[in-house]
Amino acid sequence: MRAHQAIAFRTAYVLAGDETDAQEAAQDAFVKAYRALGRFRPGAPFRPWLLSIVANEARNRRRSAGRRQVLALRAAADAAPGDAAPSPEAAVVSSERRQELLAALGRLGDDHREVLACRYLLELSEEETAAALGVRRGTVKSRLARALERLRAELGEELDG
Amino acid sequence: MAELEHDLRALAAVVDLPAERDLWPAVEARLGVRRPTPWLRIAVVVAAAVALAVGIAFAVPPARGAILRFFGLEGVSIVRVEKLPRVPRLPAVFGTRTTLDGAERRLGFRPFLPDLGPPAKIYTDYSNRAVLLLYRRPHPIRIEETRIGIFQKLVSGDERLERVGVGGSPGVWIPDAHVVADFFDQPRMSGSALLWERDGVTLRLEGRLTKAEALEIARSFSP
Chain A
1 MRAHQAIAFR
11 TAYVLAGDET
21 DAQEAAQDAF
31 VKAYRALGRF
41 RPGAPFRPWL
51 LSIVANEARN
61 RRRSAGRRQV
71 LALRAAADAA
81 PGDAAPSPEA
91 AVVSSERRQE
101 LLAALGRLGD
111 DHREVLACRY
121 LLELSEEETA
131 AALGVRRGTV
141 KSRLARALER
151 LRAELGEELD
161 G
Chain B
162 MAELEHDLRA
172 LAAVVDLPAE
182 RDLWPAVEAR
192 LGVRRPTPWL
202 RIAVVVAAAV
212 ALAVGIAFAV
222 PPARGAILRF
232 FGLEGVSIVR
242 VEKLPRVPRL
252 PAVFGTRTTL
262 DGAERRLGFR
272 PFLPDLGPPA
282 KIYTDYSNRA
292 VLLLYRRPHP
302 IRIEETRIGI
312 FQKLVSGDER
322 LERVGVGGSP
332 GVWIPDAHVV
342 ADFFDQPRMS
352 GSALLWERDG
362 VTLRLEGRLT
372 KAEALEIARS
382 FSP
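Chains as they are written, first to last, in the working numbering: chain A, 1 to 161; chain B, 162 to 384.
Because the hints were derived from the structure by calculation, they are not lab data. Please note: incorrect hints may appear among the correct ones.
[To be verified] Below are the EDC-like pairs computed for lysine to aspartate or glutamate, each with C-alpha atoms no more than 20 angstroms apart in a straight line:
id, chain 1, residue 1, chain 2, residue 2
1, A, Lys32, B, Asp183
2, A, Lys141, B, Glu164
3, B, Lys372, B, Glu320
4, B, Lys372, B, Glu323
5, B, Lys372, B, Asp276
6, A, Lys141, A, Glu127
7, A, Lys141, B, Asp168
8, A, Lys141, A, Asp110
9, B, Lys282, B, Asp262
10, B, Lys282, B, Glu265
11, B, Lys372, B, Asp337
12, A, Lys141, B, Glu166
In isolation and in its complexed conformation, chain A is listed as follows (with noise of 0.2 angstroms):
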């Protein structure tokens, strides 16, 4: 259980938007997977069964505080002189680029950002996203297509204009 605290506080926050709230979404979920262990089924993968209940959580918590508008993304401070040198992964894309992106990604509405958010930034499979955002893997496929659309036209990407 442990080793997936991570991933369950993640995208927790992604969807609840707030850290203490994703951190009881967490807690509760782990409580609930725990005590339902007996109807996991054997065979099935375990990760997405247990994001599908964080995040069941974490929609319960933001729908309560009745936030809309969540997930405020930055980047992590750029480095500072003299610091190690960035990851491979962080050196390219520049940081302009990458303030682009996530204001980008701030305009898009919840469900293209979560999309998004789960695919990207969390590194979930569709599997997963598809248990995280409660539907189906074909949904997430369409939706995530339209989300890159959005993001490319939020950008000012589009191929024709």
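Given the coordinates of chain A, assemble chain B onto it according to the supplied hints.
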């Protein structure tokens, strides 16, 4: 599009999501897990993690058809695999020591007892879903009972499972070594075992017993 996806993936490395935190102490407290000794705590966490990960272990045979639940035993799930997986040998975890009355309060039902006198030790698991009865005489015997849980078993391809009746209730006899995931321990190797249901409670009897001995004990359960 490919470039945008590439940049989003790269963003994952630098996006400022909140730092990981240890959620487990609060979870543990709410599950009523006591913290008697550090090694036990570690074992409990390992057991919970392994029990949760049992889906992965049980995913060894990806074919759904290998899951056997046709014995009329709702609380038993048996998966037939080509080769039994290696299971870790970890310190045994028994749960919370209690009495029959204590077990009844926690579980919501009075444990059935065999006609072997009082158990040497009684434990409930940390989620209060199952009771464990340990007997020393006449043989070392381990009995588990649950109303809201499920016993998960891995048996090898050539293991012969036998459907049996215990006082008119359905049961299954597993004559050879197999892997069991129960409520008290990490998945572990078990010898022969008898499983049956009675009044909505799933019972599991394990010990160095022949089928006839196991059935005789099972049929002696009361009330």
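Here's how the hints hold up against the structure:
1. For the hint pairing lysine 32(A) with aspartate 183(B), the CA-to-CA distance comes to about 17 angstroms; that is within 20 angstroms, so the pair holds.
2. A threshold of 20 angstroms between alpha carbons decides the hint, and for lysine 141(A) with glutamate 164(B) the separation of about 18 angstroms falls inside it, so the pair holds.
3. In summary, the hint linking lysine 372(B) to glutamate 320(B) is supported, as the alpha carbons are separated by about 15 angstroms, within the 20 angstroms threshold.
4. About 10 angstroms separates the Cα atoms of lysine 372(B) and glutamate 323(B), which keeps this hinted pair within 20 angstroms; it holds.
5. With a CA separation close to 17 angstroms, the supplied pair lysine 372(B) and aspartate 276(B) stays within the 20 angstroms bound.
6. Taken as a hint, the lysine 141(A) and glutamate 127(A) pair is honoured in the structure, with Cα atoms around 10 angstroms apart against an allowance of 20 angstroms.
7. The suggested pairing of lysine 141(A) with aspartate 168(B) holds, with an alpha-carbon distance near 19 angstroms, which does not exceed 20 angstroms.
8. With a C-alpha separation of about 16 angstroms, the suggested pairing of lysine 141(A) with aspartate 110(A) holds against the 20 angstroms cut-off.
9. Proximity of lysine 282(B) to aspartate 262(B) is assessed by CA-CA distance (about 13 angstroms); at most 20 angstroms being required, the pair is judged to hold.
10. Between lysine 282(B) and glutamate 265(B) the CA atoms are separated by roughly 15 angstroms; this keeps the pair inside 20 angstroms, and the hint holds.
11. A C-alpha spacing of about 11 angstroms is found between lysine 372(B) and aspartate 337(B), which places the hinted pair at or below 20 angstroms, so the restraint holds.
12. Between the alpha carbons of lysine 141(A) and glutamate 166(B) the distance comes to roughly 14 angstroms, so the proposed pair stays at or under 20 angstroms and holds.
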